[in-house]
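Using the sequences and the accompanying hints, generate a full structural model.
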Amino acid sequence: MKPTWAVVTTVDEPAPLLASFAAHYLAQGAQRVHVFLDHADVEAQAMLAQLPGCVVTVCDDAYWAASDKGKRPLIHTSRQLYNARKVYTETDADWLLHCDGDEFVRDGAAVTQALVEAPAEAMYLRLLVAERAYPKGDVGSDIFAGVFRHALPDYGQTGPEVYGEMTGFFHYGLTGHKAGKALSRVGAGLRMGLHSPTHKPVHRVIQTTRLLHFDGLTRLHFTLKLLRRAAEPEHGGSNRHGAARSTQFLSLRESVTDVALREELVSVLKNLDHDQIARLRKLTCLDETPFDPRPVLAAAGLAPDLSIAGFDARLRQRHAAFLRAHAPDLA
470 MKPTWAVVTT VDEPAPLLAS FAAHYLAQGA QRVHVFLDHA DVEAQAMLAQ
520 LPGCVVTVCD DAYWAASDKG KRPLIHTSRQ LYNARKVYTE TDADWLLHCD
570 GDEFVRDGAA VTQALVEAPA EAMYLRLLVA ERAYPKGDVG SDIFAGVFRH
620 ALPDYGQTGP EVYGEMTGFF HYGLTGHKAG KALSRVGAGL RMGLHSPTHK
670 PVHRVIQTTR LLHFDGLTRL HFTLKLLRRA AEPEHGGSNR HGAARSTQFL
720 SLRESVTDVA LREELVSVLK NLDHDQIARL RKLTCLDETP FDPRPVLAAA
770 GLAPDLSIAG FDARLRQRHA AFLRAHAPDL A
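First residue of the sequence shown? That's 470 in our numbering, and the numbers climb one at a time after it.
I should point out that these hints are in silico values taken from the structure, not numbers from a laboratory.
Bear in mind the structure is a predicted one, so any value in this text is a computation, not a measurement.
A virtual CB, placed ideally from N, CA and C, is assigned to each residue, including glycine.
Treat the hints with care, since some could be wrong.
With a straight-line Cα cutoff of 27 Å, these simulated DSS-like cross-link-like pairs (lysine-lysine) come out [unchecked claim]: (1) Lys540 with Lys555; (2) Lys647 with Lys605; (3) Lys471 with Lys669; (4) Lys669 with Lys555; (5) Lys555 with Lys471; (6) Lys540 with Lys751; (7) Lys647 with Lys694; (8) Lys694 with Lys605; (9) Lys538 with Lys555; (10) Lys669 with Lys538; (11) Lys555 with Lys647; (12) Lys751 with Lys647; (13) Lys751 with Lys605; (14) Lys669 with Lys647.
Have a look at the derived ranges for each label pair, beta carbon to beta carbon [to be verified]: (15) Ala589 with Ser610: 23 to 33 Å; (16) Gln626 with His664: 19 to 29 Å; (17) Glu559 with Ala515: 35 to 45 Å; (18) Pro588 with Ala790: 49 to 59 Å; (19) Asp744 with Arg697: 42 to 52 Å.
In C-alpha cells, the structure reads:
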C-alpha cells in the first residue's frame, strides 16, 4: 500500500484562493487538507464544505482559549506552527506537508512516488520552489497565470547576469524563500517548523517535482504583503525576513507615495523581460507550463472568481483600513 500524505495550512486569504488550494491538493492525492482559518470567513467555509477530505477549523477566540496557548498568539508564524504541530500529533497520514495558501505542489503523483522511495532514515522530504513571475506586459487573465522561475545556481555570477543592479532585491533570484517546504514523516517524533522540522534531521530532496509559490496572487496582493511587513513593529533579534525581503519592503515603504516609482519597483520584482526569460531558459531555471486549478474546482462543483479584478476587490474590502492608512490610492 502506498504511503499517504496530508496537508496543513493556516491562512487569512480570499475564498477563491482557499478553494483552489484545497481542491488542488485533494486532486493531487492528499488524504486530507487541514485548513485553519485565521478568522471566520463565511464564503470560504461554504466553499470548503463542498470538498470531502477538507477539514476546516476556525481559529477564533474560543479556539485559542481552549488551546494550551490560552489566547491567540500575536505573531502569525506562531499560530502557523501551533496548528501544524497539532495536526502532526493527530493525523493518521504517513507524511504531513505544511505550506502556505499560495503554495501548490506541481505533481502529486511524483510526491507520492518520492514517499514510496524514501529511505527509512529520511525524516522529511524537501520540495524545492518554483516561483511565479510574469512575462513583461502579460499578467494574464487570472490569478494563476504566468511562468515559474527557479533559484539560480552560482548567484554571485548569474544574479547580475539576470537581474543586473537589482540583484540585491532577490534571494538567489527569487522574491520569496528558496527553502521550500517539507513533507515530514509522521510518528517520528519530529517538531514541525515553518519550512522543515527543527534540528535538521536526515532528509532527501525531491527531484521530480516542485512547489509552485505564487508570492502574491496579484500585483496588489504582493504590494500589500510587502507593505504589511514594513508596517510590523520592529523587534530585536535576527532578521526573520532575510536581507533581500527586507530590501524589498523597505524600498516599497520609501516609495509608497510615489505611485510611478512604487509600480516600477513591483514590475522589476515580478516581471521578466525577453532577455531575462532567455537567460533563465539557458540556465534551465524556468518552468513555462501553465497552472490552472479550474478543472479540479469544476469537478467539485465549484466556480470561484479567479479573475485579477475579483481577487483585488476582495483584498480591498479585507484590508480597507490598512490601505487607507498606508497607500490610499490603492484603497
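Against the structure, the hints:
1. Lys540 with Lys555: holds, 16 Å
2. Lys647 with Lys605: Holds, at about 23 Å.
3. Lys471 with Lys669: Holds, at about 26 Å.
4. Lys669 with Lys555: holds, 20 Å
5. Lys555 with Lys471: holds, 24 Å
6. Lys540 with Lys751: Not OK: lysine 540 and lysine 751 at ~51 Å, beyond 27 Å, violated.
7. Lys647 with Lys694: holds, 17 Å
8. Lys694 with Lys605: Holds, at about 21 Å.
9. Lys538 with Lys555: holds, 12 Å
10. Lys669 with Lys538: holds, 26 Å
11. Lys555 with Lys647: Holds - the C-alpha atoms of lysine 647 and lysine 555 are around 26 Å apart, at most 27 Å.
12. Lys751 with Lys647: OK: lysine 751 and lysine 647 at ~20 Å, within 27 Å.
13. Lys751 with Lys605: Distance ~18 Å between lysine 751 and lysine 605 Cα, so the pair holds.
14. Lys669 with Lys647: holds, 16 Å
15. Ala589 with Ser610: 23 to 33 Å: Taking Cβ atoms as reference, alanine 589 and serine 610 lie about 47 Å apart, which means the hint is violated.
16. Gln626 with His664: 19 to 29 Å: holds, 26 Å
17. Glu559 with Ala515: 35 to 45 Å: violated, 25 Å
18. Pro588 with Ala790: 49 to 59 Å: Once the Cβ atoms are compared, 51 Å apart, the range 49 to 59 Å for alanine 790 and proline 588 holds.
19. Asp744 with Arg697: 42 to 52 Å: With Cβ atoms ~32 Å apart, the hint is violated.
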